[in-house]
Structures are given as C-alpha cells and as structure tokens.
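Colleague: In case you want the letters, here they are:
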Amino acid sequence: MSQTWIILGGTSTIARTFARMASERGEGVILAGRDMDDLTATAADCAARGAPIAESIKFDARDAKTFSPIIERAAELEGEISVAVFVGSMPPQDEIDDDPSLIAGTVTDSFTGPAEFLTTIAPELEKRASGTIVGVGSVAGDRGRLGNYVYGASKAGFHAYLSGLRNRLGRSGVHVVTVKPGTVDTAMTWGLDKLPFLAPPEKVSKDIFKAVDRKRDVIYTPIIWWPVMTIIRMIPERIFKKMQI
Amino acid sequence: MTWKTLEYSGWGRVLTARGDVARPERASALAKLVSSSPAPAIGMRRSYGDAGLNDGGKAIDMTRMDRVLEFDAETGVLHVEAGAQIGELLRIFAPKGWLPPVMPGTGFATVGGAIAMDVHGKNHHGLGSFGCHVVDLTLMTAKGPKLASPKKNATLFKATVGGLGQTGPIVSARVQMLKAKGDVMVVTERRIGGWDEFLKYLDASDATYTVGWIDATAKDEHLGRGILEEAETGGGLVAAAKRGKRIPMDAPGFTLSPSVVRTFNAAYWRRVPARGRTVVKPIDDFFFPLDKVHDWNRLYGKSGFHQFQCVVPINAAGDLREMLASIANSGLASPLAVLKRMGPGRAGYMSFPMEGYTLAVDFPNRDQAEVLIKELEAQTVKSGGRVYLAKDGLSGPERIRDMYPEHKQWLKVVQSTDPDQKYATDLIRRLKLREPT
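So the sequences go chain by chain: Y and W. Per our numbering: the first sequence = residues 1 to 245. Per our numbering: the second sequence = residues 1001 to 1437.
Chain W on its own, in the form it takes in the complex (with noise of 0.2 Å):
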C-alpha cells in the first residue's frame, strides 16, 4: 500500500494534523509519488510547531530513504539521502575522524530537514548555518531529479536552503564534512552570574563550539545568570552515553510548575562550581543531550508546550534583555532556555541566522504562554530579528515579512516551481507565505 492515514503531530505535540502519509524506501518510488500526487517532505517531525504537518492534505515522509551513497575519505565530501538523521552519521563518521559540519540540537533531526530549515548548531558563529555546507542538493521534480547549488540553479539552491520544503521533495545532498580530532568532547563550563556578564563571556569566546544554558527563572540581581559550556573535539576514550531511555506516558500538568522549575534550575545551576570546570563527554552527550531520553516531549503532559527563538541584531542586546525579563516575571518558563552568539552564516532566502544573539525557551502549553510569545514577538520585530519558523507554531502573517526581508526573492522561485501550491504546508497557510504581498 502506498498511503496510510495517520494522525500526527509537531515536536510540541500542540498542533497536529491527520492525512494521509506515504513512506518510499526508493528514489523510484519517490519519484512515482512525485509525478502523481506532490505532497510536502516531512522526516523526524522535530520542528515544533506546524512545519512539517499538511493536515487534510497528503506528505511524504522520508525517513526510510536514509542512505549514504558515497564518502570521499579525501575531501570530507558526503553525499546522503535526505531521510539520514544526523545523529546517525555522526555516529558513523566521528570515529573516521568526521562530523556533520553543523548539528542542531536533536541528532534525530534529517539531512533534508536540516536543509529545508537552514538550521543551526553551537558552532553557528564561526562555520555558519547547515546550508553553508552542502556542495549541491537533488530535488524530486515531476521531470525528474534536479540538481541545485550555490553555481547552478543558484536562486533554485537558496528557495530551498531554509525553503520550508516548497520546492518539493529533497532526495540527497552533497555535504561537505568539518575534520574532527576525535570523538569525544572537551567541555569547559563556567557558571554565569548574570546577563552582562554572559554577553561579555559570549562575545569573548572563540571556541569552536559555544552555547549558554540560562535560567530563565532566575530574576532581578540573578537575571539571565547561567552555565556558559565551549567545548573542542579531542582525542581519547569514553564510553558512549547510555541512549534510549523513554518517558513511558505524558507527565502530569503539576511536573513542570513554576516551583518545581525555580528550584531544578537553581539546582543545575550551582552544578557547575563557581570556579567552573572542564570535563570530557561523549560526543553525542554533548551535541544531543536531550535525545538520551526518547519522546521527552511527554514530560509537558498531554497539552504539549511552544518553544519561542528568536534573534536580534548585536545593538538590540538590550532589548532581549527586556525579553527575558519579562519572560522571568512571568515565571512560566521550563528549563529549557539557550542563549547564543550567532554569527552572519545563512544560506537561504528564508533562513532564520543573522549576526546576534538567538534564545531559546521552552513553555508549557498555557494561555498566559500564549500571550508573553505574542508580546515577544512584537519585540522581536521592532528590535529588527526574527522569530525561527522551525520552532514556531503561534506567529500570525502580517509580523514574519518584516522579520524576512527576502521573502519576495524566494517567493518569485517556489512560484514558478510549485505554482499549484503542492508543497504547502500548515506553517505556510498560517503564515500565508505563498500569497503575494
């Protein structure tokens, strides 16, 4: 059978959608699906929001179509199927010495995926965005397979990069990989007392891999107090992070309360000592510290949660100041919140990196959340960033063309290759990304 109805969902389990969904385990059968009914590319389903739902509509799901299908040894290059999951290869070539070139911040995450939104990783201000890497891409067109890079269909690769999957299915790329010493990670984390100073710790750091987890909690003198983690690969031995964990049902409502938060973040917080440390980790416990325990979605209960990411220009740090401010009065936050430098890579018309900072929070799906991600929004725009379309499932049309200035460029392209609005999917409709201005 080709088709089954299945009802599905974002990673923030807030917005589903049912329809019917296709699996092809070959580039024949994918191409079959392509000239008799287009329907949008979806992989892990890891985006949070609605990016990767079609609800009464068709998809395709990819996630068997997961092969390397070539590796040159001598220039890093990669060339892999669109459902491979970066987790995966890096657990196939770290220990030859390569890594995927950027990793967000699920190893479940796909190649396509990966590409279709631009994402980003902890070392996004010195090697840039996903797309930065990939040497050409192949598209399922109805003629055929297509090939696009930054020389050829140039405006075609930069649609796709960060494209949202509207020029059609993607059936592999070629990747160029970033060389590894090794692969375990050296880790050096420093407990951060406050925004100031984590800003100055940010902007000073020149490690290959930075990232900071905040206490968005934390309020007043504590304000945007942290751990601030850089890390390099390295050589040696450590046993690979026990995976595979599961949370068995949805937690209940009371798991993530404002109180138990508060006092878990204090708690994780004070981990680090105050003369911080450097510890060495498994590689994927570093780059995917969530994925040990499968479905950790579930812990937000059956209501699901929003993540909210935005980034701002440089000059517009004092503004995200306020963001989180307000976010820490408003005491709903999980703990899950990440700041980060984010340096100019992008390879996308719609991609999400500019030069900044992004943060990141996590929020129980509650009206009162509901509300502050509007209110932060709205201060989004006016500081001159933009909110991540890969994480959000609450912004409205009339905000997100001032937050992507080559919305038209793009636009222009996945008109002429999909005019009939094949690939739309839920995010596109809420946004109404395909309709002209």
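Chain Y on its own, in the form it takes in the complex (with noise of 0.2 Å):
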C-alpha cells in the first residue's frame, strides 16, 4: 500500500535526512513549514531520490490558519498517510528568564501547535485505521534543568499529549511513536559547547524509521540516551535540586 508522510518542520536538519530515507523506502513526503525556498529545495531532493510524492506547503505552529490546507491536501491522498513531528524551537533559557513573554511561543512551537494539529487529523488516520504518528520530543521533556526547562516543560507536555493520543489512536490500528532525542549534530546546536554523545541526524532518522517498522512506543535515541535518562530520572529531586548538568 502507498504511503504518505506529512513532515512539520520540513525545514529542521533531522527532518531533511528523515525525508531522504522516506523517499528511498519508496515512500511520498509532504513537507510543511515557514520556508518555501528551503521545502522546495528539498522536496526536488526527496522526488530524485524516488518519493511518488514529493510537495511542499506552508506549515507554522502559531498560525492555525495553516492548517487546514495541509489536513485537505492529506484527505485527497490515497493509502496510508502517516504524519511526522519535527517542530520546536529552544530560546537559550536565559533570554527567557530576561524575557518570560517567549515561554508562549516556545509552548506553541514545542508543544500546543503540534498538539492541536495532530488532534484535528487524528480523524482521518482514525477513518483510514492505519499510518503512523511520530512526534519528536526531547531527553529534555524527561527532567526539568537549569540550561533550558521551558523548553523542558514543553517537550514534557507533548510527551504526556502523545501518550494519551497512542492510548486514543492505537484502538483504531494507527500507532503512535514518541522519539526522545539526545543532543544531535543539526543547525540549532552548531557552535553549542560541551555537546554529549553529539549523534548526526541521520543516526536519529534511521532510529525513527526502525521504531515505525517495530511499532515501538518510545524511544530513546541515540540508545545510550536511556540508561542516563534512565539515571538521571531516579536522582531525587532534593540532590537533583542542587545538581549542573
């Protein structure tokens, strides 16, 4: 059967190697975001690499306007649609703490935006009872940290959303994959310092892709993100309190 994967944030370094690999599967790609220069530039890439499919639209998270033309777009294709979450954005925390007004944004950027996308086409999956949903959270999401919890508590609130939506979805045969990145090579973090276990985006995109295959539920990735989630998690909060990393 045909499928179709409608990519938000087609713009994001991860999502760019996540369209390849869809396209060399065979598999078509809708890319949405804010740049039409850059989805078009890489919908041409995804086309030559053999998606059947191949387009770009406008997506951004705070304009629900831009919604509803991607949800009829997908209710036009046939097959399997299955849709991807690469969006967010992460202000550095101290910008925030000077600024509190950009904790709206990052919460819609991260978290409401998706959400309440996601929740206007859960329906038509429903109708089809198939596809995939994968929603790009963060090792962040896990713990709230002094570097950037208010794009901690974002990610968190989208984790808890996708939980409840595979509990909602997976009754109707669509599944619902959470992928919990750590810290990887893409635009956002070059130039960042002291990056852990720094993984290159197609690491990432592979790992997302085997996660569908399997059904998997949630994911750490790179895998060595979940024994030190796994850590880090079981720190009681009155050490964690006091704790720098």
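Incorrect hints may appear among the rest.
[Claimed, not checked] Computed cross-link-like contacts, DSSO-like style, restricted to lysine-lysine with a CA-CA straight-line distance of at most 27 Å:
1) W:1292 x Y:203
2) W:1292 x Y:210
3) W:1032 x Y:58
4) Y:203 x W:1004
5) W:1408 x W:1151
6) W:1432 x W:1382
7) Y:194 x W:1004
8) W:1432 x Y:194
9) W:1096 x Y:206
10) Y:210 x W:1245
11) W:1245 x Y:206
12) Y:206 x W:1292
13) Y:203 x W:1245
14) W:1058 x Y:194
[As the list claims (entries may be wrong)] Heads up, incomplete: computed chain W residues facing chain Y, CB under 10 Å, no partners named:
15) 1004
16) 1005
17) 1021
18) 1022
19) 1026
20) 1028
21) 1032
22) 1069
23) 1070
24) 1080
25) 1201
26) 1247
None of these hints come from the bench; they were simulated from the model. Ideal Cβ placement from N, Cα and C applies to all residues, glycine included.
Using the hints, put the two chains back together into the complex; each one sits in its own frame.
Modeller: Have a look at this one:
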C-alpha cells in the first residue's frame, strides 16, 4: 500500500534526513514548514531519491490557519497517511529569563501547535485505520533542568500528549511513536560547546524508521540516552535541585 | 549559533588550521553569511594540503547544502547543491543509468570542490576534467546569486572552475551526467613489467576508464612495474561493496616503513595473474577503492603524509621516468602511486590537466620526503609540467607561475570579484597567488 508522510518542520536538519530516507523507501513526502524556498529544494531532492509524491506546503505552528490546507491535502491522498512532527524552538534559557513572554511561543512551537494539528488530523487517520504518528520530543522533557527548563517543560507536555494520543489511536490501528533524541548535530546545536554523545541526524532518522517498522512506543536515540536518562530520572529531587547538568 | 571554533586539517593531516566555521543548511543562510562576513567555502576537505584551510580566519562549511534540485531524465542534466558528494550522486543515479561525468579517486569529494579544483578522473584521456561537463554554476555574491557558464560571464566561469574558491562560494551547479549501461564495472587488470611497457599500454588504451597502479618502490629492471586497469560500465548484478570500516586510531610510524611497503607492493603486483584477468566489480569499488576504509589517512600515523602529483607533456615522458627512478631509489614512497595518461581537457584558467602523463605518489611525512618532493617539483617545472594544487602542501610562490601560464587572466577576474581577498586560503597565501607578478 502506498504510504505518504506529512512532515511538520520540514526545514529542520533531522526532518531533511528523515524525508530522504522515506523517499529512498519509496514513500511519499509532504514537507510542511515556513521557508518555502527551502522546502521546495528538499522536495526536489526527495523526488530524485524516489519519492512518488514530493510536495511542499506552508505550516506555522503559531498560525492555526495554516493547518487546514494541509489536512485537506492529506484527505485527498490515497493509501496510508502518516505524520512526523519535527517542530520546536529552543530560545536560550537566559533570554527567556529576561523576557518571559518568550515562553508562550516556545510552548506553541514545541507542544500546543503540533498537538492542535495532530488532534485535527487524527480522525482522518482513524478513518483509514492505519498509519503512524511520529512525535519528536526530547530528553530535555524527561526532567526540568537549569539550562533549558521551559523548552523541557514544553517537550514534557508533548510527551504526555503523545502518550494519550497513542492510547486513543491504538484502538483504531494507528500507531504513535514518541522519539526522545539527545543532542543532535543540527543547525540548532552548531557552535554550542560541550554536547555529550552528539549524534548525526541520519542516525536519529534511522532509529525513527526502525521504531516505526517495529511499532515501538517510546524510543531514545541514540540508545545511550536510555540508561543516561533512566539514571537522571532516578536522582531524588532534593539532590537534583543542587546539581548542574 | 552561526560560528563554531574548529581545529581542522587537509586530508594529508600535515597542515592544520584553527578558526571559526559556519555550516549553513539553506541558501538564505548562505546569502546572509556572504553579505555579512564572506569567507572561503570548504567541503569535505579532501584536498591534501592547505587548499581548504583558512588558519586564523573564517570558513563556510558547505556540506549540509547537498540536495539534488532538479534532474532531467531526458537530457541527463543534473542541478545540484555544491555540498553534494560525488559518491552520493553515483549511488542515487547509477541505478537510473546515469553517472557523474568525472569522478575523482574519492567519492567524498563535493561538487563544489570538484569544480574549484577542476578534478579529473580515470576517464580524463577521453572526457576531460569535471569542469568540462558543468553546464552552468551559481555563485553566491554579496548582491545575491550570480550565474556563470561557458557562454554567460565566461571569464568568471573560467576563473571559478579550478579557481580554488577565490570567486566565492558556489551554491549550485548544473552538470551534464553521463549515460551508462549499468552500475557494474567490467575491469581488465594487466600486469605490467616495467616503464616502457606501461607507456605503451597507456598510449594504446581505448577503454573509457584507464588507470595504472605503479609500484613506486621497484627499482632498476623492475622500474615502473605495476597494474593497468581498463574498465567499462556494464549491466549485471553484483553485491554492493561493503563500506564504512574505520581506522580506529593513528597507526604507529613503522606501519608504512620501506620494507613493509616493498613487501606489500610486490604481493599486490603478483595478485594479478601474469596473463591478466577480467573481473566484475561494484561500481563504487572501482571508482573509490579507498573509501571502503574511512579515515584511511590515519594509517600514516600522527604526522600525516604528503602526496606529490604532477603532469608532464608527452615529450617529457623520459623526465618522468627519471623522477620515478629517484622516488624508487629513495625508498620513501607508500603503496599508493598512480600513473595515468591525461588528455587535453580542462575548463579553467588554473586547471591542472594538460595532455601528457600524470604521476601521483604518497609519502609519509618525513624530512627526506620534503626534500625529495621539492626536487621532483623543480624537475616538473623544467619538463614543462605542473603540480596539482589540490595535493600540494610544500611548493613555493616562485615556481607556480611558470606552471600555470594563465594565472594572470585568473588573477584579473578574481581581483575584481574579490578585491579585499576575503576568500583567500592558506594555500593562496603560501603560494602568493593573489599577488600581482
């Protein structure tokens, strides 16, 4: 059966590698994001790599008006529809501390925007009783820490949302994968110092497809983050609050 | 963040640089960089010396701008971003019956690098250099993208192809791909006993792809022995080459000591039966045999290595024989040595190729090797030949202008497009290429 991915945040580094891999698997891609020139270039790249459908479309997590044209386009597609969410924003925590109004945007980009989109498109997937939703969260959502706790809180919210969505959609044969990447070598992290276990974006995309094919619920990528976060989650709060990690 | 401070080196790992590097992923980000802080573009850093280094300055890493923008399956014209790797294009398009027209010895080289060095491949005798197949290219300038082709902005085109990045970052290029019968190679390997026989076979070869491996440690009556490989593309089914092995650490110094290399080379030569043989290989195995082992440059240990590559005119073949003799007598060479006949095809003012014979030899970085390479260079100039700037790390300003007679034309264009020398690299400064004569 033909399969098409709707990729939110199609300009992000990981999304680009994900779209390439989908194309080489012979799956279609609809790239949604803000920079249309960039999305068009990625769509052309995907077409050359074998994607039967390769389109670009406007998506802005902060503008719900952009959602319905995507959902209408999805409804026209034949076969299986899947959605992968790569959106999110991470302003430095000290900038947020100086300007708390940045919090609303961060939460919209990383949680409520995509959640609203997914809730709107969910019935279309339920109707088809197939497909996968990939939600990219972050290890930062596992525990609030000094360096980026507003971003972490948004992702924690997104994780809980995905868990509930999985609970709902699982009943109609739609699978939801929560992906928790650690630090990835992207445009967003370029130039930041001291990033542990920095992973290439291709590695993350590969792990996501493995999880999709095996119908995994929650994955850490690279896998080293699973033991690391297991330990970090176990640290009692009264010790954790004094730590700098 | 836009900039990251990095310590980086050329492929030979002798020369290094430290400086801020940006890595744009979108054309809009590149445009912003070029207008605010122009800096030389770098790719996968497969040039051996300092062509891709800007010590103490900034650089723009183009490797994330690597998308196919358009492919016309009728004409075979491919529009591709400059950071795309040649090997990746081979992987995508060979199954569709199209090959990159010219492939250097490593598939990790980027399209931008292939243009800026006007690289050649195993088909140079027939099809010329990479730049001969570039339909047009787009440079990023402070005023936005600018197109150059052999017809439009022709002097800018000729200054960019083989132009060492001095006209600014290449955003994308349209390349005429080459129709192929399939994605396997039918390779005929022939044992060659010595120098004269090698030239005879190279001159007579009418194969599309021809290359000679030469035993640069064989002396006297064995001088110039090696293996001639002639190949054509073909249809068929062979398993893809296994790739991705890594050299986990810098090898100790004795790994490539003279006796090890001599023994290895003799065994490698005997690997091909005396009567020759024809084998079928996966396409990337033939074009990029060394890419199977990532970071193979670490085999030379911490101190790195130099590659000497020159081309001399046909009538100077005797001089090249003498150069090979002094290499063999020195006992300094590594197993990697290549002899090839080149055709006249070149596309830029500063392009390396000329009709003649090209010899490339790797040397572990030792003092005697530097002395020898300088002697070889002097001989190259005397013979009317030139050294390849993609490989060079040792030459000086005094010799280069004799080797590159069109340097003046190149300099004129480059000075007008980049008067403040924002795109100068370590190689440009070492060879004083941006200074008027």
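Colleague: Tell me the hint numbers this structure goes against, listed in increasing order.
Modeller: 8, 21, 25, 26
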